[in-house]
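A.B. asks: If you want the building blocks of each chain, they are given just below.
2 protein chains.
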Amino acid sequence: MTQLLRSWVESANAPDTDFPLNNLPYGAFRVGDSDLHAGVAIGARILDVTALVQAGLLDLPETGVFARGTWNDFMALGSDVWASFRAHLTAALAEGAAQQSDLEPHLVAMADAKLEMPFIVTEFTDFYAGRHHAFNVGSLFRDPANALPPNWLHIPIGYNGRASSVVVSGTDITRPNGQLKAPDAEMPVFEASKRFDLELEMGAIVGKPSKGRVSVQEADDMIFGYVLLNDWSARDIQAWEYQPLGPFQAKATATTISPWIVTKAALEPFRASTPPREKELLPYLAETGPMLYDIDLEVGLAPEGKSETILSRTNYNVMYYSAAQQLTHHTTSGCPMRVGDLLGSGTISGPEKENRGSLLELSWAGKEPLTLDTGETRTFLEDGDTLTLRGAAKGDGYRIGFGDCTGTLRPASALD
Amino acid sequence: MTQLLRSWVESANAPDTDFPLNNLPYGAFRVGDSDLHAGVAIGARILDVTALVQAGLLDLPETGVFARGTWNDFMALGSDVWASFRAHLTAALAEGAAQQSDLEPHLVAMADAKLEMPFIVTEFTDFYAGRHHAFNVGSLFRDPANALPPNWLHIPIGYNGRASSVVVSGTDITRPNGQLKAPDAEMPVFEASKRFDLELEMGAIVGKPSKGRVSVQEADDMIFGYVLLNDWSARDIQAWEYQPLGPFQAKATATTISPWIVTKAALEPFRASTPPREKELLPYLAETGPMLYDIDLEVGLAPEGKSETILSRTNYNVMYYSAAQQLTHHTTSGCPMRVGDLLGSGTISGPEKENRGSLLELSWAGKEPLTLDTGETRTFLEDGDTLTLRGAAKGDGYRIGFGDCTGTLRPASALD
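Top to bottom, those sequences are chains A and B.
For the first sequence, this note's numbering gives the first residue as 1, with consecutive numbering after it.
For the second sequence, this note's numbering gives the first residue as 1, with consecutive numbering after it.
Next up, chain A with everything else stripped away, as it sits in the complex (with noise of 0.2 angstroms):
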């Protein structure tokens, strides 16, 4: 699998595409008003999984399970289920399969279709595991001396999001309102947010539940797969809310995640190993092989009618804690799982500042402007700006990719 595997559908096999046969990754997607269907990428195609079963053409345990278009209900098949199914796939999409003549009237162009949420989010949690952004955070609020917190090496730190404010990629974000306080000033005040912010992280989906704590290996084989995740975050909400119980309506506009669940199975040949401890880790977050992958990621900005500019440039394999040991760890309190929970890995800023996944980090909390490639200047985000994620795999001629992960920022409503 470490080569590219080639498929009857030609743009499969173009070098720059993010969907070879290698790939596969699971949508959702409408053309025109049809009910939402379930798919597979690949090319610049979408084969359309619901039809397929409605036509009789794919053996499924559940023959409803992809009746409202999204993946849960086929994650909730298991882990067995999802290797035979994407070894069929893998099959009858490969060049020279039997079953063309039966899949070619089930592809859509990718160009006809609009996509969405790919699965129902159960519950979102996001975690503060890498090490570059956790310490370039405290060296802002705190000093560089110090700039971990004294459980950061420990713990792999989360918090609890809100599911429903987790959108699809080309979604507009509307610039939330909230309460801002100065340093300075005697009261707050109820106005638009002035330091809107982007978080570069992947989101892990969890297939398979949980009742009790799980091991590590447990937690990676419940995983089904990844998205690109941008954790949209109001800085200035959060400076002022986030003392005791940590950030609530900072994080709670939105939550964009790119359209297309990447299975853990087709990034199986990047795994990469989490970085040397700096102090032992406790046994029950012990990893027994490679749980992070090897994905390059970048972030760009565009501002309204410009052209876009990189931002950053890093890759998920920097992060401290992998997927699978966060997912340990929420289970550790008897906290169950279900399928469809997602788990935002953190902002993935890697060593250099042109690695840095936020704007915070970019602009040292605005202290730095950065310059765009029109000559403008940012701190944080204006209104039309659109923010892209990208990310994929490289392999040996070939891409695992996860298509954009991308929004427009709009005006924050009216304070009546």
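In case anyone wonders, no lab produced these hints; they're calculated from the structure.
Hints are not guaranteed to be accurate.
[Claimed, not checked] Label pairs and their computed distance ranges (CB to CB):
id	chain 1	residue 1	chain 2	residue 2	range
1	A	S413	B	P105	48 to 58 angstroms
2	A	E10	B	L415	54 to 64 angstroms
3	B	S215	A	G212	38 to 48 angstroms
4	B	N146	A	N146	15 to 25 angstroms
5	B	S273	A	E308	48 to 58 angstroms
6	B	T377	A	N146	32 to 42 angstroms
7	B	L148	A	A109	52 to 62 angstroms
8	A	T288	B	S307	43 to 53 angstroms
9	A	G305	B	S215	31 to 41 angstroms
[What the hints assert, rightly or not] Pulled from the structure, derived: some chain B residues nowhere near chain A, Cβ distances all over 12 angstroms:
id	residue
10	G32
11	Q54
12	D80
13	T309
Glycine residues also receive a C-beta, built at the ideal position from the N, C-alpha and C atoms.
Following the hints, put chain B in place on chain A, whose structure we already have.
C.D. replies: For chain B alone, coordinates are given in the frame of chain A:
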């Protein structure tokens, strides 16, 4: 509605029942191995609403709403249906009602029923809105002169909890394991929590969805009803994990709710005002009328096989922020709210020691052990302890009760 409404169900006319005709709270139950049915409590009986609909004895815009046995689909029908349904039941169960012979076959003895979750919790948010609780906790962990965080008198502070961990009264609770670190220890350990606690709260249930910010009046209109809520909390896990992003595993073991949704309509005669503002609130948080309720609350603790001691007595009307204010604040950033969202009030502690709603406060962080009526002492909970919350609004010759909110603590799972 401020006097007892008499019912042909005799047990509903007893002055000490939680469930007179004035109440009519909504639950979900099984008898033996039956499917989950929706039911309405009346005296010592449950009116089987799922069966009534099947028998064509209830007129609803959609007849499938009780098919799952929970109240989410009913809530989604909107507040006009909430009102007409309640009016219909109130008339049909009243003394002398012509429908008595139709309904009698669909009454089940509560003693024969197993109560389950009355609704599916979509998302769970917990607040920190008790003035005395915040003062006590701040005094314990900071100092009495600066007990309240600077934002506390301006923001109904909240954090997202874990919906998957919400359980119905009667569910056993397993003491959590977790990372603990003594202040003078070099490294954390992974062990059973030694400071496991209760929190006496009310829960408000969102019955009407929203997108974008809602006013306090709109928020009040969105609330369908209330339950008692015990937010079990591991104080030692929390102390080590909560900086900088708030409580996570400390609050994820379980949250117990009482089995009956007491509707806002039933509580209408008991509305109470929030206390005077110590600092002026921003206009978006201003209440248009009384939005708390006069509900007497108590917590009992019974060691295994022994009699119960009442640990605390307080009232919901001591809270600084109402559920409507909390819900308004929850929507400020644009966070969508959905039917079935649950909002915990925060710990309800009154002004005196005997009004404190947690053992953290009652035992002053373990420094002042409580002596139970049995002669035993407690700082935090011991395995085998059964905690019971009770609550009732008290009218003229009747009470609007919630039913017990109870749970027994079982020993932690083995550490491998």
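A.B. asks: Quick check on a hinted range of 48 to 58 angstroms for A/S413 and B/P105, using CB atoms only.
C.D. replies: holds (53 angstroms)
A.B. asks: Lying within 38 to 48 angstroms: is that true of the beta-carbon distance B/S215 to A/G212?
C.D. replies: holds (43 angstroms)
A.B. asks: Compute the least Cβ-Cβ separation between B/T309 and chain A, then decide whether it is above 12 angstroms.
C.D. replies: At about 27 angstroms from chain A, B/T309 clears the 12 angstroms cut-off, so the statement holds.
A.B. asks: CB of B/L148 to CB of A/A109, is that within 52 to 62 angstroms?
C.D. replies: holds (59 angstroms)
A.B. asks: Would you say the C-beta atoms of A/T288 and B/S307 sit inside 43 to 53 angstroms of each other?
C.D. replies: holds (50 angstroms)
A.B. asks: Taking 31 to 41 angstroms as the hint, is the beta-carbon distance of A/G305 and B/S215 inside that range?
C.D. replies: Holds, at about 36 angstroms.
A.B. asks: Mind verifying the non-interface call on B/Q54? Its CB should be farther than 12 angstroms from each CB in chain A.
C.D. replies: holds (24 angstroms)
A.B. asks: Given the hint of 54 to 64 angstroms, check if A/E10 and B/L415 actually sit that far apart at their C-beta atoms.
C.D. replies: At roughly 56 angstroms between Cβ atoms, B/L415 and A/E10 fall inside 54 to 64 angstroms, so the hint holds.
A.B. asks: Given the hint of 48 to 58 angstroms, is the C-beta distance from B/S273 to A/E308 inside that range or not?
C.D. replies: Because 54 angstroms falls inside the window, the suggested range holds.
A.B. asks: Does the beta carbon distance between B/N146 and A/N146 stay inside 15 to 25 angstroms, or does it fall outside?
C.D. replies: 22 angstroms Cβ-Cβ, so the 15 to 25 angstroms window holds.
A.B. asks: Could you check that no beta carbon of chain A comes within 12 angstroms of the beta carbon of B/D80?
C.D. replies: holds (24 angstroms)
A.B. asks: Using the beta carbons of B/T377 and A/N146, state whether their distance is inside 32 to 42 angstroms or not.
C.D. replies: holds (39 angstroms)
Consistency with the previously given hints is maintained throughout, with no hint failing.
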